[in-house]
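Protein chains in written order, with this note's numbering: chain A, 38 to 496; chain B, 38 to 496; chain C, 38 to 496; chain D, 38 to 496.
FYI, nobody ran anything at the bench for these hints, they're computed from the structure. Don't take each hint at face value.
Because identical chains cannot be distinguished in the list, a pair is counted as satisfied if it fits within a single copy or across any two copies.
Unchecked claim - Below, a list of computed lysine-lysine pairs in the BS3-like style, where the Cα atoms sit at most 30 Å apart: (1) K69 - K263; (2) K453 - K243; (3) K478 - K378; (4) K453 - K79; (5) K287 - K477; (6) K389 - K58; (7) K174 - K199; (8) K58 - K493; (9) K166 - K389; (10) K243 - K355; (11) K464 - K40; (12) K58 - K216; (13) K311 - K205; (14) K69 - K430; (15) K230 - K216; (16) K478 - K69; (17) K464 - K393; (18) K263 - K378; (19) K355 - K432; (20) K293 - K205; (21) K41 - K477.
Number of protein chains: 4
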Amino acid sequence: MWKKSFFDSLENLGVPSHMIKRSSIGFNDIWKPILELFQHRKIPEHGWSNFQIRQLLNVLRNLDSDKDPGSIRIGEREGRISTDILNEISGGFCHGIGRSGELTAAQPKAAGASLMQNLTNKIVLSLIKALGLPNLKAALTVPFGTGMSIGMAIRGALNYHKIDFHGKPIVLMTQIDHKSPRKGIEYIGGVLKIISGRYGENYYAKEGVFTNIEDIRNIYQSNSNKISAIVSSACFFAPRVPDNIKEIAKFAKENKIIHIINNAYGLQSPVLSKIIRQSIDAGRVDAIVQSTDKNFLTPVGGAVITSPNPDLIDTISKCYAGRASASPVVQLLVSLLSMGKKGYLSRIEIQKQNRKLLEDSLTELANEFNEHIIECNNPVSCAMSLKNVNPEKIKDLGGILYNLRVTGPRFINIHKDPFGSCTSEMKWPYVVMNAAIGVKKEHINEAVNRLKRAIKQIQ
Amino acid sequence: MWKKSFFDSLENLGVPSHMIKRSSIGFNDIWKPILELFQHRKIPEHGWSNFQIRQLLNVLRNLDSDKDPGSIRIGEREGRISTDILNEISGGFCHGIGRSGELTAAQPKAAGASLMQNLTNKIVLSLIKALGLPNLKAALTVPFGTGMSIGMAIRGALNYHKIDFHGKPIVLMTQIDHKSPRKGIEYIGGVLKIISGRYGENYYAKEGVFTNIEDIRNIYQSNSNKISAIVSSACFFAPRVPDNIKEIAKFAKENKIIHIINNAYGLQSPVLSKIIRQSIDAGRVDAIVQSTDKNFLTPVGGAVITSPNPDLIDTISKCYAGRASASPVVQLLVSLLSMGKKGYLSRIEIQKQNRKLLEDSLTELANEFNEHIIECNNPVSCAMSLKNVNPEKIKDLGGILYNLRVTGPRFINIHKDPFGSCTSEMKWPYVVMNAAIGVKKEHINEAVNRLKRAIKQIQ
Amino acid sequence: MWKKSFFDSLENLGVPSHMIKRSSIGFNDIWKPILELFQHRKIPEHGWSNFQIRQLLNVLRNLDSDKDPGSIRIGEREGRISTDILNEISGGFCHGIGRSGELTAAQPKAAGASLMQNLTNKIVLSLIKALGLPNLKAALTVPFGTGMSIGMAIRGALNYHKIDFHGKPIVLMTQIDHKSPRKGIEYIGGVLKIISGRYGENYYAKEGVFTNIEDIRNIYQSNSNKISAIVSSACFFAPRVPDNIKEIAKFAKENKIIHIINNAYGLQSPVLSKIIRQSIDAGRVDAIVQSTDKNFLTPVGGAVITSPNPDLIDTISKCYAGRASASPVVQLLVSLLSMGKKGYLSRIEIQKQNRKLLEDSLTELANEFNEHIIECNNPVSCAMSLKNVNPEKIKDLGGILYNLRVTGPRFINIHKDPFGSCTSEMKWPYVVMNAAIGVKKEHINEAVNRLKRAIKQIQ
Amino acid sequence: MWKKSFFDSLENLGVPSHMIKRSSIGFNDIWKPILELFQHRKIPEHGWSNFQIRQLLNVLRNLDSDKDPGSIRIGEREGRISTDILNEISGGFCHGIGRSGELTAAQPKAAGASLMQNLTNKIVLSLIKALGLPNLKAALTVPFGTGMSIGMAIRGALNYHKIDFHGKPIVLMTQIDHKSPRKGIEYIGGVLKIISGRYGENYYAKEGVFTNIEDIRNIYQSNSNKISAIVSSACFFAPRVPDNIKEIAKFAKENKIIHIINNAYGLQSPVLSKIIRQSIDAGRVDAIVQSTDKNFLTPVGGAVITSPNPDLIDTISKCYAGRASASPVVQLLVSLLSMGKKGYLSRIEIQKQNRKLLEDSLTELANEFNEHIIECNNPVSCAMSLKNVNPEKIKDLGGILYNLRVTGPRFINIHKDPFGSCTSEMKWPYVVMNAAIGVKKEHINEAVNRLKRAIKQIQ
């Protein structure tokens, strides 16, 4: 990466040549991965040091015109900032990403940010493929979360397929009790039809909340001709199980409707990746949406839309109006480089162990209070019944845990409000906890301990 | 802000009491503005030091649960990050802002980010009011640019007024040749009708591109009953002049249609603020959209939606699907604090001087080449005719300037493509340059110099 | 630390009171250790987060006058700096430490730096006492290494005891083949007399290089009346063993001469601390000098002078001429806080394991090449004979390892130059390696591997 | 500096070649000065950006072995640090500078720090030469202030000239009432003889405190044969004027004694540089000592020793015992690069204006209170008599100003203690203020205002 003339210029500065030569070896070892990243454009095997990450950002941001010391900038927006702190808290990409025409278009004022974005999309795609999804062909990092991204994917797919009814597009979605995807669909002007969840033995597990492909067919038929898209879900809190995505993909193919998979935090689970890979092979999957923070340990605010069809990704990127904040993209890049492929795979391994630990600990707790674990095999979370707890006091449990500084557990008291359970067929209240990627073992142990304390307190 | 017990604890550490007492005066002077900001919740008179800005961010981010050293986090998303660099390049707000229900809802895991967002909205509103718009009542900082924000404002206004046709909403827009607002409207499912620009003497200036209220009425009548909204424009590149917004506001009121003003970079201009203030008083203005980077010198990626109606802002904030990246919001906060009210007003003053300098310099250039300045009084940009330049060579001019490291000038060769001129009535090609807020005087001089060189080169 | 009025000022900013209350718990947990440090003035049990360390530095540096936004500075030196980077790379203490009168005097322009320095001295003393030296009563962090510090300790002790011959002070020193202590003594105008090392069975180990108390007595007698001080050594590379410091202390007491212990990197070894503690109790020890980087993992450039006599430390601090760089002091403070007492003790534990690993690995190597480990029980380093290596090629071994990127091993080829062995009685060449505090287990394994490769290469 | 292969590797990442080519121009402009610095090794014309300074430090520090990711470190000190904050607050040079043999020797473990040190010494020399001292041939940056450095310069010169009396070296010094130089000389074992200051008309100014060459000769004769060195002073607070250094240089040459000039903050004054240049030409000047913070706006803690004799500088560097903190050196480097030659010269220009402003303002004040300005032409400070102030209340004046947050003015009440006036011949009390390099015009105005307020208050 560095010219010989640079090392030559260090001669005769009081340091013998053999020392400089020896030092240059370590020096080059630091810089080599940066050059290789540009050459190979995929996730590095090993995580990078903070220094290397910062240097990559330096290199990229200094290709933007606002960093060019000789530039004359006479436009209405030129990446001018009021204080250098803004360079720090934005990663230094003041021009954002994209241009008015397209989210991924090269911005003439921001070659660096444009390269950064392309690189990030290639790197995240290389990792996702390695996670068991080799049949994906393109990835787009977008500057908002899964809810907005599901909307954007549908909007792009409508454009791609030139579906342009006079009326609003109708979108089916299997029931997950989460407001964001619903709002994301309404945001782009879609009309939502929910396929209600059911409870019982199912295609995935001995018990759990699932959706029925027959229910989907029925709703489809009663809205015939006008359904534009269906959104299926790979992951939600236990006792919800993944949708039967393979069947939904076949159904979408048969009926020529757009199929988007909500895979919000599913990339951490090889089981879910396998289901999605098989669905792509067996039927129609237009695009898959996943959160950057839930899967890749970034701050909240980004998502990755992937697809087996690179042209569709291209059209999706074109429906975004104008330039966007570079922050969610650069944050993803930084996170991926800091972990590397091996670092990510080892975190998946730990997640698997933690998921088992969570179930084992909750099982013990359940035995003590005559409750049971719902056997739904959710790869991230685990739900325990609260059938023997006074229903009037379940809300208190949440408050007690909050005061014990436990965040994340959800208490669903179906006697008050079934929202959260994704069905109206649930039989008992329950609590659900997550062993998501990045959680620490001690947090799992301690959360179960404090839950125990809380239950005892209200008895 | 700091307890007396803290200063007491410094006693007997080898430093005499009177020295500690004296030091505490300067110490408190540093911290006082931070406390006052929380108390007064408006833009400070004077810009803050970098240290003060960083401390405010420290205070806020340490109220988020991911910074709580004693918290047990067992949810699927907990602001976990892979490397501390992510804290730096995000401002440290790993939980983002909002919750699934609403962009401005308090996020229980992120009290700090929630406070930060509320504070930012209050501070930016206080500044905008001081800029000549006291009749605004609420502001919302959104995590995307003006194009997407115009869409979001329309989506929110449709929800607020419960306008829910079976078909898609039809949106009128006065012609500005910029793709983002168009795409922003289509993104939310709107159908766009453009009111073509005209060229000539008009309500605002001796000459320039303008829109005609009669044209609006005509289009409205031919689409009667089904128009949901109209988007007017306060600012675009010369020779475009501001729309006759007051008349459009009256028209919107009469016909009960939503009226959004695209004020992308208009806050830097007291003239435009006056027009908008009068329009609000005279007719109907639902919301006004402005870019954070173009007006407030942040990195690209945010916008502020303001309104005389706080309930509407509330509904707009509720239509966003899920949490969002905190970056555009914290970047705005930092920029505003670094400038303070006085700093911003002085930048406006300099902009005015620069705008005059730009016109004077271009006039001189025009005289030299038998061209003329289009007298459209655009408060930011200035356009010079290129009627005597060989039309085949106008494109080359852009290339030459690009290679001379000048970014921002736009060459509109109406003989090839009128896009950019906002009309089909323009008579000659022209070049337009901007004296936008934050530009340096030397850049204006040098840009005109290099333009001169470029014109000579192609002669 | 934070007033109630601060938390009150967060009310009505869109975040419910109970959330603010909950957040303030974590917030206060972050700040609590800072207040406690000022109150208790000893090393914290647990290491601090980077944030906490940075906040402590912020608090302290903002008590210096160059940070006071309201100060008027009209002196010839006012902590003015040309760029803010200087604040970063100095820890922000632009006024340095001390005043012309004394290294530890409170500087009226720098209350913060003065507090910082006092705090550091108290904290490092608290740790050193906990390491097995409760009979120490004061510590002084000085802005240079052990060599210069030995000189300073002698200069201060001469002043303290008002020893003022017309001629230069004569200083005895047991032989350690290291230039710095010698130069440190000559720097202050001392005349050095070395007590030669001997090789064989001794008061400390079965074999090794040691010094003989009889030799000391002999030299003393032949210079009678004019010896001012003696410097003994607690630590040097194997096969050197610690001096018989207890006997030297008794000797110093009997003869009323100043006794300084060079304990350069000895604090990492409980064995050495025990020897020093017993020496203080049994005889005369004026001061003990230890490196900050070798013991406490700071950058090079500081030392800590400790003493059972606080008045002596006071006089030593007074002999330094003028203010000094605050860097070595703040670097020590930061390092101690980042580790905490438990963190330091656990590093000592690991050092002990690594020392054993080093000996085990080298023993295996020695067996393979018919060499042996010198059984001198050096607590940090381990020496292996090279009696079967061609003496002409020993120098090459060093070069090969340097090119294999191994730094730190020392090859002493007594056939060429006995310097390094601290004696003229050594029988064979040898190599010595260190398992010093902070070294990684893998480095030990890999260093021995590469040594093996190097030996094979020259065979 | 960057290989073509790097820019080639950016191709086909979504950004057209011509954009990359254009971006690389600005990119190279950022890096070019860094390469040029290594090639030219003198102070750059223009100050560098923070980014450039940080990159230079990155380049250098990554040549140190503790940054080499592939190194195996098995020594007792290896630049190991406990937390990365230490890299930040040390500039990243964990190995310090020098080795046991010499302060400027290349340290095999720290090629980067060694280069950094050599570069700094060359750069500071190039600037000092340009300030009017072309007859200097070498500069050494030392890690302590002027007092200690005067001692070190004498110690080195004694070694260089192999002056080795059995007794202690006797050092003459012209009277300046500052403890540091005195202590610096005593630190190295010197015996100090002060040549008392006189008051009146003199070789330099109409009035002021000066030293008399005859007094020097007298003292010399009464101590004949045993004087090793003389220390003269170029700068001290008014009413002290510079020594008659040219005569002292001649005297030193005649009598073959070492001559060190204390030029603590004199480099900011072309007048003083001229005096020193002429002295070197006319007689004997061994070394000149100047503070880095007082002249070059660094944090306190460094000095530069310069000499017309490079071999002497070499010997001085060799008398330091062991490695030293790199902080004072890297701080000087950063400061010089941030200013550049032009930046430094413009600060000198401003200093001159400020000095005039100070005298004008004080003159006005003096007129008001029937005091007068002492006409001693001190190039930095200005003294005003306090003959009409009640002597009992002069101390109060200092206290009042301290509480008014004014630091730096000195009140010398000769009726209580003449220390500070450098003579016993002064007639009235006075106050002295400094217009030193880096001070702001507003501070001068405000300091005089507050002094006026203080005088009125005690009347």
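Hints and how they fare:
1. When the C-alpha separation of K69 and K263 is checked against a cutoff of 30 Å, the pair qualifies neither within a copy, at 55 Å, nor between copies, at 61 Å.
2. When the C-alpha separation of K453 and K243 is checked against a cutoff of 30 Å, the pair qualifies only within one copy, where the shortest distance is 26 Å, while the shortest distance between copies is 68 Å.
3. In the homo-oligomer, the alpha carbons of K478 and K378 lie at most 30 Å apart both inside one protomer (22 Å) and across protomers (25 Å), since each shortest distance falls under that limit.
4. Taking the shortest Cα distances, K453 and K79 never come within 30 Å of each other, neither inside one copy (49 Å) nor across copies (42 Å).
5. Taking identical chains as interchangeable, the C-alpha atoms of K287 and K477 are never at most 30 Å apart, the minima being 39 Å within one chain and 56 Å between chains.
6. In this assembly of identical chains, the alpha carbons of K389 and K58 never lie at most 30 Å apart, being 46 Å within a copy and 35 Å across copies at closest.
7. Taking the shortest Cα distances, K174 and K199 sit within 30 Å of each other inside one copy (21 Å), while across copies they are farther apart (41 Å).
8. In the homo-oligomer, the alpha carbons of K58 and K493 lie at most 30 Å apart only across protomers (25 Å), although the nearest pairing inside one protomer, at 68 Å, exceeds that limit.
9. Taking the shortest alpha-carbon separations for K166 and K389, only the intra-copy value of 20 Å comes in at or below 30 Å, while the best inter-copy value is 46 Å.
10. For a Cα distance limit of 30 Å, the shortest separation of K243 from K355 qualifies neither inside one copy, at 44 Å, nor across copies, at 39 Å.
11. Taking the shortest alpha-carbon separations for K464 and K40, neither the intra-copy value of 70 Å nor the inter-copy value of 49 Å comes in at or below 30 Å.
12. For a Cα distance limit of 30 Å, the shortest separation of K58 from K216 across copies, 27 Å, qualifies, whereas the shortest one inside one copy, 60 Å, does not.
13. Proximity of K311 to K205 under the C-alpha cut-off of 30 Å is found in neither arrangement, the shortest distances being 34 Å within a copy and 39 Å between copies.
14. In this assembly of identical chains, K69 and K430 lie within 30 Å of each other by CA distance neither inside one copy nor across copies; the values are 60 Å within and 35 Å between.
15. In this assembly of identical chains, the alpha carbons of K230 and K216 lie at most 30 Å apart only when taken from the same copy (14 Å versus 32 Å across copies).
16. With identical chains, the CA atoms of K478 and K69 are at most 30 Å apart between copies only, with a shortest distance of 26 Å across copies and 35 Å within one.
17. Taking identical chains as interchangeable, the C-alpha atoms of K464 and K393 lie at most 30 Å apart only when both belong to the same chain, with a minimum of 25 Å there against 62 Å between chains.
18. In the homo-oligomer, the alpha carbons of K263 and K378 never lie at most 30 Å apart, since the shortest distance is 43 Å inside one protomer and 54 Å across protomers.
19. Within a single copy, K355 and K432 get their C-alpha atoms only as close as 46 Å, which misses the 30 Å cut-off; across copies the closest is 26 Å, which meets it.
20. For the identical chains of this complex, K293 and K205 are neighbours both inside a copy (18 Å) and across copies (23 Å), given an alpha-carbon limit of 30 Å.
21. Proximity of K41 and K477 under a CA criterion of 30 Å is satisfied in neither setting, with 47 Å inside one chain copy and 34 Å between copies.
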